[in-house]
Amino acid sequence: MDRRDLGALFLHMLALWFVAIGGPSTIVPGIHRYLVEVRRVMTNAEFVELYTLAQVAPGPNAMYVALLGWHLAGWAGMAATTIPILVPALTLTLLAGHLNERYPNAPIALAIRRGLAPVTIGLMFASATVLLRGVNHDWRGYLLTLLTVFLVLRKSLNPLWLLAAGALAGIAGLV
Amino acid sequence: MRPNSDPSRISRFALFLAFSRISLSSFGGAMFWARRELVERQRWLTDREFVELLSLGQLLPGPNVLNLTVMVGYRFGGWKGAAAGIAGFLGWPCLVVAGMGVLYQQYGALPEVQRALAGMSIVAAALLLTNAIKLSAALPRRWQPWLFVLLAFVFVGVLRWPLIWVVAGLSPWAVWINRKESD
Chain H
57 MDRRDLGALF
67 LHMLALWFVA
77 IGGPSTIVPG
87 IHRYLVEVRR
97 VMTNAEFVEL
107 YTLAQVAPGP
117 NAMYVALLGW
127 HLAGWAGMAA
137 TTIPILVPAL
147 TLTLLAGHLN
157 ERYPNAPIAL
167 AIRRGLAPVT
177 IGLMFASATV
187 LLRGVNHDWR
197 GYLLTLLTVF
207 LVLRKSLNPL
217 WLLAAGALAG
227 IAGLV
Chain G
11 MRPNSDPSRI
21 SRFALFLAFS
31 RISLSSFGGA
41 MFWARRELVE
51 RQRWLTDREF
61 VELLSLGQLL
71 PGPNVLNLTV
81 MVGYRFGGWK
91 GAAAGIAGFL
101 GWPCLVVAGM
111 GVLYQQYGAL
121 PEVQRALAGM
131 SIVAAALLLT
141 NAIKLSAALP
151 RRWQPWLFVL
161 LAFVFVGVLR
171 WPLIWVVAGL
181 SPWAVWINRK
191 ESD
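Chains H and G, in that order, give the protein sequences. Sequential numbering of the first sequence, starting at 57, is according to my numbering. Sequential numbering of the second sequence, starting at 11, is according to my numbering.
For reference, chain H alone in the conformation it holds in the complex (with noise of 0.2 Å):
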């Protein structure tokens, strides 16, 4: 990719990122659209692999896109597509977390908490419920699913056992 590609993918990703109201996953149709179909930089499988092997690094879900970059153009193009998720963030995030510290009496502010707080709370029900049935294929699936539910609230284990053991049970083929 060279230079005037790099910005276009930038300016791109800038737009998307402005609109990526949701989170991270809401984007993925418009960056494939634009790498795959519309640029042709890579294929279809090398985007699936991508996003799937970013699944198994630490950070934000939003790091796919940091993959992406690197794979097409190492650091130039994880900073192309990277350094645009940090601009909505450091402008309309700042402001909103400023006005909300400000005035966090201000009847608006204290509306928008708390009406906003079971929304968000039945969305992350919906993630986990289309993320669990996406992923497991069996009642095996279900049983770890269960038991890491009971680990997790009942002992105060470190939660990164459990990702371990199911690491293992998938390299096993129990899952």
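Because the hints were derived from the structure by calculation, they are not lab data. Be a bit skeptical, because a hint or two may be false.
[To be verified] Stretch-level coverage of chain H by chain G, calculated; a stretch enters the list once three of its residues show a Cβ under 8 Å from a Cβ in chain G:
1) 99 to 113
2) 140 to 147
3) 163 to 169
4) 172 to 183
[As the list claims (entries may be wrong)] Restraint-style ranges between C-beta atoms, simulated for each label pair:
5) H:154 / G:105: 24 to 34 Å
6) H:58 / G:148: 45 to 55 Å
7) G:172 / H:94: 17 to 27 Å
8) G:178 / H:230: 34 to 44 Å
9) H:213 / G:148: 17 to 27 Å
10) H:58 / G:157: 53 to 63 Å
11) H:131 / G:24: 22 to 32 Å
12) G:182 / H:161: 15 to 25 Å
13) H:228 / G:24: 35 to 45 Å
14) G:19 / H:196: 47 to 57 Å
[As the list claims (entries may be wrong)] Not everything, but these chain H residues come out facing chain G in the computed CB check (under 10 Å):
15) 80
16) 116
17) 118
18) 119
19) 123
20) 126
21) 134
22) 150
23) 156
24) 204
25) 205
26) 215
27) 219
28) 227
For clarity, every value in this text was computed on a predicted model and none was experimentally measured. Quick reminder that beta carbons are idealized off the backbone N, C-alpha and C, glycines included.
Chain H is already provided as a structure; the job is to place chain G on it using the hints.
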């Protein structure tokens, strides 16, 4: 919410470390680990404050835990605190991802890796479920908030409507109903 006069400032280094820890433990999503670190380990936020800031982050564009990072960093350390939080939260994954990019180009996608990933995804999804269960314990015991939990869950989780429309449809209503609520 904590009163504004509260002088509790947290050092930028502590913010950097806390968000580094969140980031480096976050396999399959950061939300579970953010709650564990900020609410359970550091006790910087209550469950209720956590879910309120997260909701605000959800309403804004971008990854919601990144938005949470910015708001928590800003609350405890001004804009420099926000920058310290972001550095911890995004810096390490960038290095890891670069390493993965190299490995991917060398070896492609190994079947063992794919299977391990499948097992980890189940646990990661279950962790998200426990988070939702823990956070819902902080909701008031009235029917109205639970109605919104149910509606958001059914629209997105069962009917699979696009998230953006559900949020756009439910949020104004939820905020409007709460305009005169006080604790």
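Checked hints:
By the rule of at least three residues with a Cβ nearer than 8 Å to a Cβ of chain G, the coverage given for the region 99 to 113 of chain H holds, with 8 such residues. Coverage of the region 140 to 147 of chain H by chain G holds [criterion: at least 3 residues with CB-CB distance below 8 Å; count 5]. For a cut-off of 8 Å, the count of residues in the region 163 to 169 of chain H with a CB near a CB of chain G stands at 6, and the three-residue condition holds. As drawn, the region 172 to 183 of chain H meets chain G at 12 residues by the rule of a beta-carbon pair under 8 Å; at three or more, the given contact holds.
At about 30 Å, the CB distance of residue 154 of chain H to residue 105 of chain G agrees with the hint of 24 to 34 Å. A hinted range of 45 to 55 Å for the beta carbons of residue 58 of chain H and residue 148 of chain G is consistent with their spacing of about 52 Å. Residue 172 of chain G and residue 94 of chain H have their C-beta atoms about 22 Å apart, which keeps the hinted 17 to 27 Å range intact. Range check, residue 178 of chain G to residue 230 of chain H: Cβ separation about 42 Å, and the 34 to 44 Å hint holds.
Separated by about 22 Å at the C-beta atoms, residue 213 of chain H and residue 148 of chain G satisfy the suggested range of 17 to 27 Å. The supplied range of 53 to 63 Å is met by residue 58 of chain H and residue 157 of chain G, whose beta-carbon atoms lie about 54 Å from each other. At about 29 Å, the CB distance of residue 131 of chain H to residue 24 of chain G agrees with the hint of 22 to 32 Å. A beta carbon spacing of about 21 Å between residue 182 of chain G and residue 161 of chain H agrees with the range 15 to 25 Å that was offered as a hint.
Evaluation of the 35 to 45 Å hint for residue 228 of chain H and residue 24 of chain G yields a pass: the beta carbon distance comes to about 40 Å. Between residue 19 of chain G and residue 196 of chain H the beta carbon distance is about 49 Å. The supplied range of 47 to 57 Å therefore holds. Here the hint on residue 80 of chain H is kept, as its CB sits about 5 Å from the closest CB of chain G, short of 10 Å. At about 5 Å, the closest approach between the beta carbon of residue 116 of chain H and any beta carbon in chain G falls short of 10 Å, and the interface hint on this residue holds.
Look at residue 118 of chain H: its Cβ gets to within about 4 Å of chain G, closer than 10 Å, so that hint holds up. Of the supplied interface hints, the one on residue 119 of chain H holds, with its beta-carbon coming within about 5 Å of a beta-carbon of chain G, less than 10 Å. Using the Cβ-Cβ criterion of 10 Å, the hint placing residue 123 of chain H at the interface with chain G is satisfied: the shortest such distance is roughly 5 Å. Interface hint status for residue 126 of chain H: upheld, as the beta-carbon distance to the closest one in chain G is roughly 4 Å, under 10 Å.
With a cut of 10 Å, the hint placing residue 134 of chain H at the interface with chain G holds, because the nearest CB-to-CB distance is about 7 Å. Because the smallest distance between the Cβ of residue 150 of chain H and any Cβ of chain G comes to about 6 Å, under 10 Å, the interface hint for this residue holds. Look at residue 156 of chain H: its Cβ gets to within about 7 Å of chain G, closer than 10 Å, so that hint holds up. With a cut of 10 Å, the hint placing residue 204 of chain H at the interface with chain G holds, because the nearest CB-to-CB distance is about 4 Å.
Against a cut-off of 10 Å between C-beta atoms, the interface hint on residue 205 of chain H holds, since the closest Cβ of chain G lies about 5 Å away. The interface hint given for residue 215 of chain H holds, since its Cβ lies 6 Å from the closest Cβ of chain G, which is under the 10 Å cut-off. For residue 219 of chain H, the interface hint holds, the least distance from its beta-carbon to any beta-carbon of chain G being 5 Å, beneath 10 Å. For the restraint placing residue 227 of chain H at the interface with chain G, the shortest Cβ-Cβ distance is roughly 5 Å, inside the 10 Å limit, so the hint holds.
Going down the numbered hints, you'll see the structure goes against none, and every one checks out.
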